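Trainee: Here is how the chains run, residue by residue.
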Amino acid sequence: MINEKELGELILTRNNKKIYRNDGTITKVYDHKAYSFSDVLREAMNQSYARECGFNAPEVYDVFPIGKDYALASEEIKGKTLAQLIEENPSDKRKYIAKLVQIQLDVLSHLSSNLKLPKLKDKLNAYISDSGLDASTRYDLHVRLEKMPNHYKVCHGDLVPHNIILVKDKYYILDWAHCTRGNSSADAAMTYILLVLDGDEKGAEMYLKEFCRRSDIAIQYVQQWISVVSATKLVTTKDKEKRALLLRNINVVDYI
Amino acid sequence: MEEEQKIKASDELSKLIERVKAAQKIYATYSQEQVDKIFQAAAIAANKARIPLAKEAVEETGMGVLEDKVIKNHFAAEYIYNTYRDTKTCGVIERDDDMGYERIAEPLGVLAGIIPTTNPTATAIFKSLLALKTRNGIIFSPHPRAKKCTIHAAQIVLDAAVEAGAPKDIIAWIEEPSIQLSSQLMKSCDCILATGGPGMVTSAYSSGKPAIGVGPGNAPTIIDSTADVKMAVSSIIHSKTFDNGMICASEQSVIALSDIYDAVKAEFIYRGAHFLTKDELNKVRKTIIINGGTNAKVVGQKPVTIAKMAGFDVPEDTKLLIGEVEKVDISEEFAHEKLCPVLAMYKAESFEEALNKADTLVRDGGFGHTADLYADEILAKDHIDEFADRMKACRILINTPSALGGIGDLYNFRIKPSLTLGCGSWGGNSVSENVGVQQLLNIKTVAKRRENMLWFRTPSKIFFKPGCLSKALEELKTVYDRKRVLVITDKFLYESGFSRKVTDTLDKLGIQTEVFSDVAPDPTLACAEEGANLCKSYKPDAIIALGGGSPMDAAKIMWVLYEHPEVDFSDMAMDFMDIRKRVVTFPKMGSKAMLICVPTTAGTGSEVTPFAIITDQRDGTKYPITDYELLPNMAIIDSDLMLTIPKGLTRASGIDALTHCIEAYASMYATSFTDALAKEAISEIFAYLPRAYKNLGNDPVAREHMAHAATLAGMAFANAFLGIDHSCGHKLGAYHHLPHGVCVSLMLDEVMKFNAGERPTKMGTFPQYQYPHTLRRYAEIAEMLGLTGKTDEEKFKKLLKKIDELKSEIELPMTIKEAGVEESKFLTTLDEMSEAAFNDQCTGTNPRYPLISEIKELYLKAYYGEKEYAKKLAK
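Going down the list, the sequences are from chains A and B. When the letters of the first sequence are read in order and numbered with numbering that gives the first Met the number 0, they come out as residues 0 to 255. When the letters of the second sequence are read in order and numbered with numbering that gives the first Met the number 0, they come out as residues 0 to 874.
Errors might be hidden in some of the hints.
Said to hold, decoys possible - 25 Å max Cα-Cα, derived DSS-like pairs, lysine-lysine:
1. B:Lys307 x A:Lys241
2. A:Lys146 x B:Lys186
3. A:Lys241 x A:Lys201
4. A:Lys120 x B:Lys5
5. B:Lys801 x B:Lys789
6. A:Lys120 x B:Lys208
7. A:Lys201 x A:Lys17
8. B:Lys264 x B:Lys301
9. A:Lys122 x B:Lys7
10. B:Lys147 x B:Lys167
11. A:Lys118 x B:Lys296
12. B:Lys326 x A:Lys237
13. A:Lys241 x B:Lys296
14. A:Lys122 x B:Lys186
15. B:Lys186 x A:Lys120
16. A:Lys239 x A:Lys98
17. A:Lys94 x A:Lys146
18. B:Lys326 x A:Lys208
19. A:Lys92 x A:Lys32
20. A:Lys94 x A:Lys118
21. A:Lys201 x B:Lys806
Simulated from the structure, these hints should not be mistaken for laboratory data. The structure displayed is predicted, hence computed values, not measured ones.
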């Protein structure tokens with residue numbers, strides 16, 4: 000049995016995950032209380048599938064149990080994340096946000112009919128059901144989601160500056176756990192809400208405008224999914240203020 | 000556990016659907032009387048419960064105004080009942096015995112009724128009543144936020160209906176609504192009646208079942224400079240405050256023209272509206288719209304509540320919150336549908352600008368729903384028309400409170416009352432009207448076979464008898480008072496002095512005459528135009544055509560060009576299936592001149608027919624023109640004018656007349672009126688054509704009989720039309736330059752054999768033509784001629800033999816080959832000719848609808864002779 004100490008230097012602990020670095024390998028250890036073995040396997044599979052699709056994603060080396068937890072070991076990509084770059088060069092933020100949009104549109108331009116990837120709409124429906132919201136609100140959200148077209152674009156589902164590493168003129172995308180097939184506007188709404196939850200409301204607005212400009216998608220078309228994706232983030236958001244923000248987003252109607 | 004509950008709920012719904020289906024099956028057998036009784040009882044019960052139901056709705060949803068909800072419930076019960084009380088919805092709803100037409104109404108089956116939170120009880124009453132009136136069952140899927148009051152409303156209607164005799168499960172509902180159950184219901188019902196958010200409507204349309212779903216509104220209201228400002232402002236306040244702005248047809252924005260803007264604003268303030276300050280405006284913007292969606296907390300709330308939520312105070316009795324804004328696109332929160340008493344107000348410098356603004360508002364938020372205009376109906380008629388033209392909205396309301404006007408029957412009494420307002424394809428809906436009983440019925444159309452009305456038309460006067468010409472022409476003076484006559488004839492008749500028989504008579508009567516004698520055989524458009532030019536300068540009030548087919552055809556066309564210089568011949572010549580249904584309407588003739596035809600040959604019958612053929616000399620196109628407007632006004636048959644017809648013309652025109660009779664008799668359009676004429680002419684032709692051919696001018700009796708026979712034949716085919724003998728003959732003549740009479744004679748035997756087939760590949764399409772019977776028709780001709788036989792086939796053979804005997808008696812060629820057409824030339828043109836013949840106007844009335852390949856076969860047989868062709872094939 001491998002000992003956690005063998006995994007190298009602990010570089011980050013968050014959201015029930017511990018991340019170690021050791022000589023070109025990054026190992027993520029998932030707390031068994033929050034993740035099942037199949038969750039970890041799925042992430043490994045998505046990451047491998049992303050590589051098969053031609054995306055730059057770290058190579059998967061191993062998935063293994065460690066104590067009661069599970070670990071995913073993959074290639075270490077050496078470079079700075081987009082988040083780091085933004086932090087270091089705040090005056091270039093607009094440029095980096097544009098880069099994020101360009102990368103996202105790149106990913107979305109891939110279509111996938113591969114059954115390995117779940118459908119975004121199914122995933123969102125499941126999240127709404129498990130959101131803990133009252134029945135009426137869930138009903139409204141499910142109804143709202145019905146309108147979403149069944150597209151088959153590859154949606155990363157968690158595409159934020161933290162998950163992108165720039166290496167010279169190449170970029171790598173990390174963290175494919177939430178990858179699905181679906182509607183690009185919903186994927187953009189997700190990135191938007193993740194930026195907002197990260198406390199960067201200005202950056203979120205900047206991102207949304209840039210995404211709509213570059214993709215030629217009407218802003219209200221992306222906005223209509225904000226309520227739905229907000230609901231999916233309720234379960235993992237504990238912060239009171241952030242929850243209030245999500246609930247405010249959720250509580251909209253489109254009656255006739 | 001949760002999964003188990005879901006399955007259980009789904010099973011229960013399946014059982015419920017089965018019960019409603021069973022009830023509906025019984026209800027479908029109810030009579031109109033039974034249904035009307037139930038409809039009335041249900042309407043009364045709903046009406047009586049209007050106040051408690053309104054209270055429940057406000058309590059449960061926390062939205063809207065009790066007193067307004069009472070009006071909605073009242074409206075749903077009383078107005079719906081009143082509008083449809085006498086509407087027939089069961090069984091035969093329309094019957095026209097003369098036309099053999101019947102419409103039978105049947106129910107659709109079980110409806111899925113999707114109910115919104117905004118009108119939970121009124122919509123339930125409305126849909127229940129419509130379902131009961133149309134013998135449909137209905138299962139409601141209420142909104143979870145309004146389930147109790149929706150179910151209670153449905154229960155009240157159901158109880159009353161059952162009490163009045165309806166099956167007990169005819170109305171039902173989902174007790175614990177969920178998205179799974181509503182989608183299961185939508186997939187299992189017969190038709191969905193969806194009122195709800197766009198997601199629900201999309202879901203209804205994608206369920207695979209027929210759906211009547213309606214979309215959101217964003218009604219803009221223009222106040223024109225001519226509007227009655229007081230009436231406009233109070234109407235808008237009345238409508239926008241109704242149920243705190245929750246009706247989908249409610250005004251969302253006001254666009255006032257700049258010259259009355261201040262007056263409108265002052266009146267709004269006077270009547271209790273609050274204009275937002277800049278600061279308040281921004282606060283309200285953030286409160287009502289979140290990420291492009293309406294904040295659920297403001298829906299159906301009072302202005303004072305909304306102001307408080309936004310962080311400022313207004314007096315308790317404030318009617319509306321009005322924001323003066325500029326942008327109409329969706330980046331402006333006030334440009335959205337707001338579902339509460341908050342209104343956007345815009346200033347427009349011109350009506351055009353107002354229209355542009357309103358157009359954008361409709362397109363962005365309420366495509367297909369409703370748009371309003373306040374304007375003076377008389378002074379601003381053009382603005383009203385322009386508004387109706389520009390707005391992509393299915394309800395265009397003028398001087399009407401939008402919310403109350405849109406639901407119908409309150410401010411206009413032709414617009415149907417409804418709580419489900421269609422937005423057409425613009426709103427992604429299947430209906431654009433206010434939904435009523437008409438959308439909830441299957442209409443069966445019973446159509447019984449009926450024969451078409453037929454006709455018999457001839458010139459109003461036909462004068463005949465040898466030597467009648469001058470007597471008949473007198474009528475031009477005595478009856479018609481004509482002053483200027485143009486005589487159309489050919490060179491030969493003019494130069495031989497023949498035409499003087501006409502002009503001299505007219506001179507004596509003191510009628511001025513002019514002669515146009517440049518008509519050549521196969522008259523051209525150029526020739527007709529020349530004649531028409533003469534008409535233009537000479538201005539005749541009568542045109543006399545003197546001669547054979549060519550001068551008569553040319554005269555008809557000159558007549559058209561004279562009366563209607565604007566006509567396009569390619570339009571006039573357009574082929575038709577039924578002369579009454581043709582695409583091009585022939586212009587009315589006779590306003591400038593009347594047409595008199597005086598035939599000098601016995602054959603074409605043109606003096607009594609509505610046909611003319613003209614050739615465009617530029618490309619050789621032949622335009623066959625047909626219309627009863629072309630029928631001459633008078634025909635004068637004077638056989639004395641025919642004594643000098645040469646031999647060739649005597650036989651060619653004589654045999655042409657025979658083919659007219661035979662084709663008219665076999666035509667699908669043949670009637671007893673035309674049969675009598677055709678038969679009489681056939682026996683005359685058999686009796687007198689050989690004599691006329693042999694004796695020529697020495698046998699005036701034979702000439703007289705032939706002259707009359709040709710006109711009788713003309714009247715027969717002027718009404719029964721012809722068949723493919725003429726189709727083939729026309730093209731044979733055109734491609735190989737044989738006289739028309741010879742061509743139709745050459746094709747006749749083969750065409751008759753073809754038509755006599757008892758098992759044709761295809762028979763003609765015409766209600767009067769019941770089954771292939773042409774063999775019998777030919778046998779009738781044989782019987783009339785005294786030819787006997789045991790069977791129709793035998794009689795038919797004898798008829799063919801008799802026709803052949805006649806042909807040889809008058810020395811006509813028996814095959815196309817014999818007529819001198821070179822074989823190689825014939826064969827190279829054959830395919831083109833066959834297709835052209837198929838496309839000839841005469842093909843349409845032939846009793847057997849020919850294939851092009853069959854026409855080709857006919858041509859080949861007629862070329863070689865049947866026996867010779869059989870030998871060739873055998874080789």
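Trainee: To test your reading of the hints: which numbers does this structure violate?
Mentor: Numbers 7, 11, 12, 16, 17, 19, 20, 21, in rising order.
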